[in-house]
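J.: Assemble the complex: chain A is given as a structure, and chain B must be docked to it using the hints.
There are 2 protein chains.
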Amino acid sequence: MQKKKFFNIAIVGLGNIGSYLFNFLNKNKNILSNKNNSNFNIVYVSAKNKNKKRNIKVKKTQWVKNYLDLVKKDNVDIIIELIGGAEGPAKKLVFSALKNKKHVVTANKSLISKYGDQLANIAEKNKVNLEFEAAVCGGVPIIRSLKEGLIANKISRIFGIFNGTSNYVLSSMDANKTNYKETIQNAINLGYAESNPSSDINGEDVAAKVKILSSLCFNSFLNQKIHIEGIKDVDDEDIKNANKLGYKIKLLGFSDYFQGKVYQRVHPTLVKKSSYIAGINGVLNAVILDGKPVGKNIIQGEGAGPSATTSALVSDISSIMRGNIKFPFSISNSKRKKISSGDISKLYFSSYIRLKVKDKYGVLSAVTKIFSDNKVSIKRVLQSPYKNKNSSSIIIITHSSRDSDIKKTLKTLVKKSYIIQKPKLLRIEND
Amino acid sequence: MQKKKFFNIAIVGLGNIGSYLFNFLNKNKNILSNKNNSNFNIVYVSAKNKNKKRNIKVKKTQWVKNYLDLVKKDNVDIIIELIGGAEGPAKKLVFSALKNKKHVVTANKSLISKYGDQLANIAEKNKVNLEFEAAVCGGVPIIRSLKEGLIANKISRIFGIFNGTSNYVLSSMDANKTNYKETIQNAINLGYAESNPSSDINGEDVAAKVKILSSLCFNSFLNQKIHIEGIKDVDDEDIKNANKLGYKIKLLGFSDYFQGKVYQRVHPTLVKKSSYIAGINGVLNAVILDGKPVGKNIIQGEGAGPSATTSALVSDISSIMRGNIKFPFSISNSKRKKISSGDISKLYFSSYIRLKVKDKYGVLSAVTKIFSDNKVSIKRVLQSPYKNKNSSSIIIITHSSRDSDIKKTLKTLVKKSYIIQKPKLLRIEND
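Top line first, the protein sequences correspond to chains A and B.
Taking the numbering used here, the leading residue of the first sequence gets 20, the next gets one more, and so forth.
Taking the numbering used here, the leading residue of the second sequence gets 20, the next gets one more, and so forth.
Bound-form chain A, shown alone:
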């Protein structure tokens, strides 16, 4: 309800998301202006390749060849960065836009998770907004919820499914009983994975989101220390075993804060079939947090794609249009804390361990002795022979044990002559 204002918007990057946003903003000018009591116009766009075929109508006067020219233009208020990548053009654009007192909206998780602290500093100094709702979990309004709807809360844990591609792959392997390789190929063919899906699959994408969320939850600077495992070692046999034991396998990101330290990690995780998170299939994302006073909160939605991402981008643009100037990471950089990182090796997990062993007398007894020597107590064992192969699979579910002790156990095991394959470790989450 502040005085009506006019905002000139420039969009840089016109891939699927940029083009969708361009059309959406033009089509919904009226309702968005009403809701935000401000008007806006897309004054400029810029993209690497002007001549690429796109489903948008850009006026000649809207095109800017050199995207860096935008930051100097007086008639630009908000720059929307949809280039991607932590370095290169995206980095250059966002740094110089903020330095030139332009508001910035970005969907770039790599950039924010790496340079977010420096960028926030410039934004704060220059009294402009740096908004990145679209960088974390697409259509799930988690950033705005942390900064506004749940602002009262002291958060001790945030975790969930933060990557749609890897979740799609794991749920397809489970539903269709396909192996990892064919499932990935299928996901690429269907457009659920990029042709080079490595950052989605290797956990890097989730890690970037975990870092951003940690920082917002714990009022701290970004913390680069994080344990990362992707899903490429999860095979159909693990998924079958998990089902037999009452679990599903999900790639989860976690950030826990206790005893003055933050523990960030990303790894495939066994979750009970009956748990909420086990039911999140396909490209959906889900964020679960524990806060005081609110208790447990869950937000779920589509994690990626042009439409869900546009929902997030428009919420950022709207926030700027309403004059809701906020600190990018919820509090002033001068008040953010430096929190040290804890090591995953000190945490306790119940674990799933899969061994492929020679089928001979005394192996199980030797194996279980190694567990007990390393202070890892066994909850459940499942031994089954591989047909005609003179080998057996041994699945062990441990009681909650120190991660370093589990690792020591595996290190000892791997040297034994009766172990045929590198032992497989998957942690179990009982939340």
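Please note that a few of the clues may not be correct.
Identical copies look the same in the list; a pair holds intra-copy or inter-copy alike.
Straight line, CA to CA, 20 Å or less: simulated SDA-like cross-link-like pairs of lysine to any residue [what the hints assert, rightly or not]: (1) K356 to N221; (2) K48 to K311; (3) K48 to I61; (4) K292 to A194; (5) K315 to A297; (6) K146 to S57; (7) K315 to Y295; (8) K48 to S239; (9) K69 to V83; (10) K398 to S412; (11) K173 to I50; (12) K92 to S217; (13) K71 to N85; (14) K48 to K443; (15) K356 to I50; (16) K311 to N42.
I should point out that these hints are in silico values taken from the structure, not numbers from a laboratory.
T.: Same frame as chain A, but now just chain B:
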């Protein structure tokens, strides 16, 4: 990042929630001031009974005997109304506070669902905030999500579990195989239901929330037309039958917008056991919405209680402290639409119908003929005799049929001499 400001807060109503909020604000002054870049102070409190034992330390100078005096005091910026009820003191306080240009934060769903349009008008005219996150689903930040995080979206449907007490009762009946009466008593004893739980149980509480959410989702004025059924007619036999058929029973609130009309309804509903909503047990609340471009979004959390409600109240207070002045219902009253209400009788549902019939030849055939005469097609029938009672239970699951046709069917049935008890109707949701 606006200039630091100072806000004086007055709390009216010091029950469980008011007292919790009072302590919370005092304890968290520092972090909240940092996050909002503004300071605050609880300058006054007021409550009906000054001498009631409370777990808070109120200074002599903070007490105000007549709560209405607060609206005239120059050193009050924000009034927090925690009296409750659509009429009487709460109504007087909120109307006169807004008229006197005080920001208002309220948890009062009855008041907002009844007088929200008038109140929003005054707030808008006087450029103050009227915030009511705590009025709908406690710790679930649904209002702020609709107004900010999901602002881009055209919403076509919102539904979910909006009342913790009734959900607790239904899930307990299911889990403990207890009947309605003993479960309610148990809920009262455990503090999950008020000693007079009627508004929670009869659907009125859910209805108020549906009206508020509708208005926010569809940019319309409050619509008072709503179909309401509570849970008092759901008995253990229905829950047992539902389980047998693969369903759970939940009290759901719905608001759907299509073909220019809004359809608001509250009723106990059969939902598939495998559905997300079936797994929401106890006092939890869950809100599910369909929006464009975001797709389906879910937000879940604790629906009531002092701590969850305080999370919501503090998000409202913070929003005011950040100078984020917004229209109470997302857009200006001058832009809100008058949408007409559709009648539930015109909607189509698959339904569960339970009949108690005399155990004699030809009854089932007579019953099914009545269904077919009324254009209601039957999907499934389950007939089972009551032991030693010369009577049977007939459960019929219909295909999707017009609600008015189902009602006509029941009206015809009830007159038949072989029908021993008023037929029971529960609608099925296949979302």
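J.: Each hint should be assessed against the structure and marked as holding or not.
T.: Do the hints match the structure? See the list:
Proximity of K356 to N221 under the C-alpha cut-off of 20 Å is found in neither arrangement, the shortest distances being 29 Å within a copy and 49 Å between copies. For the identical chains of this complex, K48 and K311 are inter-copy neighbours only, at 15 Å across copies versus 39 Å inside a copy, given an alpha-carbon limit of 20 Å. For a Cα distance limit of 20 Å, the shortest separation of K48 from I61 inside one copy, 10 Å, qualifies, whereas the shortest one across copies, 41 Å, does not. Proximity of K292 to A194 under the C-alpha cut-off of 20 Å is found in both arrangements, the shortest distances being 13 Å within a copy and 19 Å between copies.
In this assembly of identical chains, the alpha carbons of K315 and A297 lie at most 20 Å apart whether taken from the same copy (17 Å) or from different copies (18 Å). Taking the shortest alpha-carbon separations for K146 and S57, both the intra-copy value of 19 Å and the inter-copy value of 16 Å come in at or below 20 Å. Taking the closest pair of Cα atoms, K315 and Y295 come within 20 Å of each other both inside a single copy (12 Å) and across two copies (16 Å). Proximity of K48 to S239 under the C-alpha cut-off of 20 Å is restricted to the inter-copy arrangement: shortest distance 18 Å between copies versus 37 Å within a copy.
In the homo-oligomer, the alpha carbons of K69 and V83 lie at most 20 Å apart inside one protomer (9 Å), although the nearest pairing across protomers, at 67 Å, exceeds that limit. In this homomeric assembly, K398 and S412 come within 20 Å of each other (Cα to Cα) only inside a single copy, at 17 Å, whereas the closest approach across copies is 47 Å. For a Cα distance limit of 20 Å, the shortest separation of K173 from I50 across copies, 10 Å, qualifies, whereas the shortest one inside one copy, 35 Å, does not. Proximity of K92 to S217 under the C-alpha cut-off of 20 Å is found in neither arrangement, the shortest distances being 37 Å within a copy and 62 Å between copies.
Proximity of K71 to N85 under the C-alpha cut-off of 20 Å is restricted to the intra-copy arrangement: shortest distance 16 Å within a copy versus 69 Å between copies. Within a single copy, K48 and K443 get their C-alpha atoms no closer than 53 Å, and across copies no closer than 49 Å, so neither meets the 20 Å cut-off. Within a single copy, K356 and I50 get their C-alpha atoms only as close as 40 Å, which misses the 20 Å cut-off; across copies the closest is 12 Å, which meets it. In this assembly of identical chains, K311 and N42 lie within 20 Å of each other by CA distance solely across copies; the values are 14 Å between and 41 Å within a copy.
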